[in-house]
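Enquirer: Residue numbers (numbering that gives the first Met the number 0), protein chains in the order written: chain A, 0 to 356; chain B, 0 to 356; chain C, 0 to 356.
Since the hints were derived computationally from the structure, they do not count as laboratory data. Among the hints, a few may not be true.
Said to hold, decoys possible - Straight line, CA to CA, 30 Å or less: simulated DSBU-like cross-link-like pairs of lysine-lysine:
#  : chain 1 : residue 1 : chain 2 : residue 2
1  : B       : Lys324    : A       : Lys354
2  : C       : Lys284    : C       : Lys334
3  : A       : Lys324    : C       : Lys132
4  : A       : Lys324    : C       : Lys353
5  : C       : Lys324    : C       : Lys337
6  : C       : Lys353    : C       : Lys334
7  : A       : Lys47     : A       : Lys36
8  : B       : Lys349    : C       : Lys344
9  : A       : Lys354    : A       : Lys337
10 : B       : Lys324    : B       : Lys349
11 : B       : Lys73     : A       : Lys337
12 : B       : Lys349    : C       : Lys284
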Amino acid sequence: MRLTAAEIAEFLSGTLHGDANASVDDVCSLSQSHEGKISFLSDSRNVKELEQTAASIVLLPEQCDISGLTSNIKTFIEVADPKSAIFELLAWFREHHNFHLSGIDPTAIVDETAVIGQGVTVGPYARIAAGCKIGDNCEIHGGVSLAPSVVLGNNVILHPNTVIYGGCQIGERVIIHAGAVIGADGFGYEFTQGTYHKIQHYGVVVIEDDVEIGACTTIDRGMIDNTIIHRGTKIDNLVMVAHNCDIGPNNILVSQVGFAGSITTGENCRFGGHVGIADHVNVGKNSSLIAKAGVFRDIPEGAVMGGAPALPIDEQKRIWMAQMKLPEMRQTVRKLQKQVTAIEKQISNKQEQKKAA
Amino acid sequence: MRLTAAEIAEFLSGTLHGDANASVDDVCSLSQSHEGKISFLSDSRNVKELEQTAASIVLLPEQCDISGLTSNIKTFIEVADPKSAIFELLAWFREHHNFHLSGIDPTAIVDETAVIGQGVTVGPYARIAAGCKIGDNCEIHGGVSLAPSVVLGNNVILHPNTVIYGGCQIGERVIIHAGAVIGADGFGYEFTQGTYHKIQHYGVVVIEDDVEIGACTTIDRGMIDNTIIHRGTKIDNLVMVAHNCDIGPNNILVSQVGFAGSITTGENCRFGGHVGIADHVNVGKNSSLIAKAGVFRDIPEGAVMGGAPALPIDEQKRIWMAQMKLPEMRQTVRKLQKQVTAIEKQISNKQEQKKAA
Amino acid sequence: MRLTAAEIAEFLSGTLHGDANASVDDVCSLSQSHEGKISFLSDSRNVKELEQTAASIVLLPEQCDISGLTSNIKTFIEVADPKSAIFELLAWFREHHNFHLSGIDPTAIVDETAVIGQGVTVGPYARIAAGCKIGDNCEIHGGVSLAPSVVLGNNVILHPNTVIYGGCQIGERVIIHAGAVIGADGFGYEFTQGTYHKIQHYGVVVIEDDVEIGACTTIDRGMIDNTIIHRGTKIDNLVMVAHNCDIGPNNILVSQVGFAGSITTGENCRFGGHVGIADHVNVGKNSSLIAKAGVFRDIPEGAVMGGAPALPIDEQKRIWMAQMKLPEMRQTVRKLQKQVTAIEKQISNKQEQKKAA
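Whole structure, please, built from the sequences with the hints as guidance.
Expert: Now the structure itself:
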């Protein structure tokens, strides 16, 4: 679907300069631009970035001075906020990437005891088991499995093939990406008579409002009490949160983070990729763990830590710097040993000479 | 569903003290207790923990002395083993979280050449391909995919949307959690003429009795011989076991462990979260790798190791301690260098003075 | 299905020695051999490996001298290339492990606006949404979800339960294993007024020809521009590639590698298991990152690096060696301090004695 510069200017309430009939069929960034696409400059201080663009139309901030440019952009549109504007265009041009579910697909299996809110859509081959409660306007995609007694708040989106185990409670506006598994059994065993015996896990996973959970992430159920993800926390793909964790509000867990059992975190914590935390650790609010950190002890409020075992990042950096000099330092120490031994010998020789004298 | 203290005491064959009509609708731990719930104290030495509980009924060990308590718990039930008893109650109160499959769902696709045991349940939209053999009392949940010639022993549980590739053999009482993938192709290529050419993988995955496998864990098939997980081994979520590994009995693999190809482990090994092991490494029995360890060489029997590259944990701890002092030590060495240079100068000056004299 | 030595020799155009009626029903390696199986020796220099084999028939390279053997292998077949030959037999003996889809399963849901090529097979309960374009001879297994406007080239294989989000473009001969998720939203938020606000991601994932992607691997879509995996790159299981990465041709990403956003890599790079790379890092072509490396800065062409933070591997190894000597070195430095202090004291005493004198 093509739009002309005139149509776009009108749609965005912008001011058109150049060829009103120039037309585009998609959006691109300035750095990866193509003819027949529309791009944008978000900050007028970076006006030089326009020099190389191949885009046919560019959105500019109002009163952006392009007089010094030698490039051949002929058509541009001034708008108040080019970045917001380009996202409006993206929503329009990429609209055909979206599912358009409507109502409950006839192949979806919804148990007769499930309670389904207004405006809920359910994709093909999804399964909603006995006793589930689905809030209004939820979007449950194809192949999703909701075990008995799962509760979803309003406006929840479950992407294809996600699995939620029995009794888990999901808040409002929660988004869960494809392949994520919520509420599998905690990893707990008793070792008796030479083998591991499974400890049943009866707690559930509680996910509060406005949480987003990435593809193939797994959050295990608690043993007696629940595993809890508090409001606003965002979890990336392939993250593990083990049984009975209590993850505070507005946390960020980047991909492949691993949380062992019964960890607590305060609000606004950040965990970089591959961070691992041992069981029962308490992480103070506003703290930040650098990618690949390994945490074996409690983390104080506001700490910024890295390395494994994790140390305050300034200290850790000094150690990393010193380690780079370590082989050299080893040489130095060896040399010092020789020097000192030589000095000691000299002194002792002298003393013996004196004595002899 | 509520139960009264009297009903619970009778159900557990316990001795009731307090209000026989006190009623509860769920279980909680002492640390996260609520009115209207029942909790438990497992060890009478921790009787102080009862002080703060809000639970309406508490299970106590027999002859637990609560005379010194100032709290207002009025209703408690003495039982021989409060922890076992609370798990009985959990099974009762949380029963509505369980699937109740019965027989083979009409939407399940079971190939006519598949052999299905007695008492097998198959959930909606599961697929059981040609030549599969399913043991008695298996529970195959919705959306599961069994490729041709998969064999399941008796009493296997496959949670929703698990995928098992062709020919894999699963023992008795094995539990596989949602999203796990058993038997995908090993990651092996030949690099010729500037590109990688896929090596077909014809081995299968063999999983012995009493193994449990976590959500979104992947175990790849072997090339010619099989990948084997021996009896009783427990594998957490998001673990990778590559082609041709031979994982011994009663091993513990915590979340996000990664095993490269052709690793062998003895019995009773333990691998903490994020542990990674290079291909062809042999891990001796009863050894233990601390979370985040990176292993590039064989591990002797009974070793406890950590760090990357992994070292015996006592040695590793000494190194970690020393590293923390490394920046300080660098200063010390620099100072020593200056001191020694100064001494050497003094001595040489003196010798020159003597010569001059 | 059993084959006799005579049948196999004919099938492989090999030269039979021994019992033409010896029969086998499967293949094994020499190291894990069994009676009733056929094995192979790929290199005649390793002829000693035949001593212990229990295989009933063995494939040998032509003119392999087995005169010195004391073992009782009676039946062997000379072929030009035993390894290729054994793979031909494996394909034959293990054929019953393969799916045999034909055409579009009646339970598959294919939107009427989707364009399906010649010879495409679609398994049960797969979903192909509006606007998808599926190339010739694609194999789409059961439970797969293709969102609107997904494009597959010819000869693509999608294993069961894989999920591809809207608009993603997959090249020719691409293989994607079970549970992989292609095109989930990038992990990007704006933090304003105390909460994280989701940034919509409108880019897609572009996967070029001859790429293979492992089980439960996740590759996120770009924000405006696309995430790109160039031709011939092979990605193992449980790998994370974040939004807007541009992964060069013929790269190898081993299991559990994590790439943050907007990383670029050149051709022929290799990333060992658990390697993690920070956002916006550029990795030069032909470079190699050892398992568990953590990369926070650009990597030059052809570099071989390891450790976290990553350093050139030779340097890193020297540091690792030095670290092992660190506790000992600390003792040495302490001893040196004492020695130097003692020397200084001696000298100053002497000087004072002189002065006094």
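Enquirer: Each hint should be assessed against the structure and marked as holding or not.
Expert: Hint check results:
no. : hint                   : verdict
1   : Lys324(B) to Lys354(A) : violated (43 Å)
2   : Lys284(C) to Lys334(C) : violated (48 Å)
3   : Lys324(A) to Lys132(C) : violated (57 Å)
4   : Lys324(A) to Lys353(C) : violated (42 Å)
5   : Lys324(C) to Lys337(C) : holds (20 Å)
6   : Lys353(C) to Lys334(C) : holds (29 Å)
7   : Lys47(A) to Lys36(A)   : holds (19 Å)
8   : Lys349(B) to Lys344(C) : holds (16 Å)
9   : Lys354(A) to Lys337(A) : holds (25 Å)
10  : Lys324(B) to Lys349(B) : violated (37 Å)
11  : Lys73(B) to Lys337(A)  : violated (78 Å)
12  : Lys349(B) to Lys284(C) : violated (60 Å)
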